[in-house]
Amino acid sequence: MSGAGISTSAGIPDFRSPGTGLYSQLEKYNLPFPQAIFQLDYFRENPKPFFLLAKELYPQKFTPTPTHYFIRLLNEKGKLLRTFTQNIDSLERIAGIPTEKIVEAHGTFFTAHYIVFFGESLPERFAECVKSVNENLK
Numbered sequence: 065m066s067g068a069g070i071s072t073s074a075g076i077p078d079f080r081s082p083g084t085g086l087y088s089q090l091e092k093y094n095l096p097f098p099q100a101i102f103q104l105d106y107f108r109e110n111p112k113p114f115f116l117l118a119k120e121l122y123p124q125k126f127t128p129t130p131t132h133y134f135i136r137l138l139n140e141k142g143k144l145l146r147t148f149t150q151n152i153d154s155l156e157r158i159a160g161i162p163t164e165k166i167v168e169a170h171g172t173f174f175t176a177h178y179i180v181f182f183g184e185s186l187p188e189r190f191a192e193c194v195k196s197v198n199e200n201l202k
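Quick note, the sequence shown lines up with residues 65 to 202 if you use my numbering.
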């Protein structure tokens, strides 16, 4: 089982460390409170902060750490039955650990899906944010 600690040396912040954690770095988004960036109601009203943060944390900007490669080595030696991770950074996949051996408890960038707004019209800002992020990822 792994968590944020195996990815912090890759430059990915954990959520709660004072001064360096993700929640302490969100002031630039003018959120009512740090956790709002991950709340659906807030996202529906203002998706831009989430997409800007997702762009910063996009996995292709980071490389796996020695710990990720050690887990891959365990698999190559036939010792890994399964690896459970709370991380969404996908670094296990990027390190070459077979997806059938990975349990991503909180999801991952590789399996993220768009939210469907049944019976609602999407805010104009939503389409603008998606377009902006997609253009910047090219």
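Treat the hints with care, since some could be wrong.
[As the list claims (entries may be wrong)] Here are the simulated BS3-like pairs of lysine-lysine, each with C-alpha atoms no more than 25 Å apart in a straight line: (1) Lys141 <-> Lys165; (2) Lys112 <-> Lys125; (3) Lys112 <-> Lys141; (4) Lys165 <-> Lys112; (5) Lys92 <-> Lys143; (6) Lys143 <-> Lys165; (7) Lys143 <-> Lys112.
Read the hints as simulated data drawn from the structure, not as lab findings.
Hints versus structure:
1. Between Lys141 and Lys165, the direct Cα distance comes to roughly 14 Å. Compliance with the 25 Å bound is thereby established for this hinted pair.
2. A hinted pair counts as satisfied when its Cα atoms are at most 25 Å apart, and Lys112 with Lys125 qualifies at roughly 20 Å.
3. Distance hint between Lys112 and Lys141 is unfulfilled; the C-alpha atoms sit about 44 Å from each other, more than 25 Å.
4. Restraint check: the Cα-Cα separation between Lys165 and Lys112 comes to about 34 Å, which exceeds 25 Å; the hinted pair is violated.
5. Between Lys92 and Lys143, the direct Cα distance comes to roughly 44 Å. Violation of the 25 Å bound is thereby established for this hinted pair.
6. Taking the CA atoms of Lys143 and Lys165, the gap is about 11 Å. The hint holds against a cut of 25 Å.
7. Restraint check: the Cα-Cα separation between Lys143 and Lys112 comes to about 43 Å, which exceeds 25 Å; the hinted pair is violated.
The structure fails to meet hints 3, 4, 5 and 7 from the earlier list, while all remaining hints are met.
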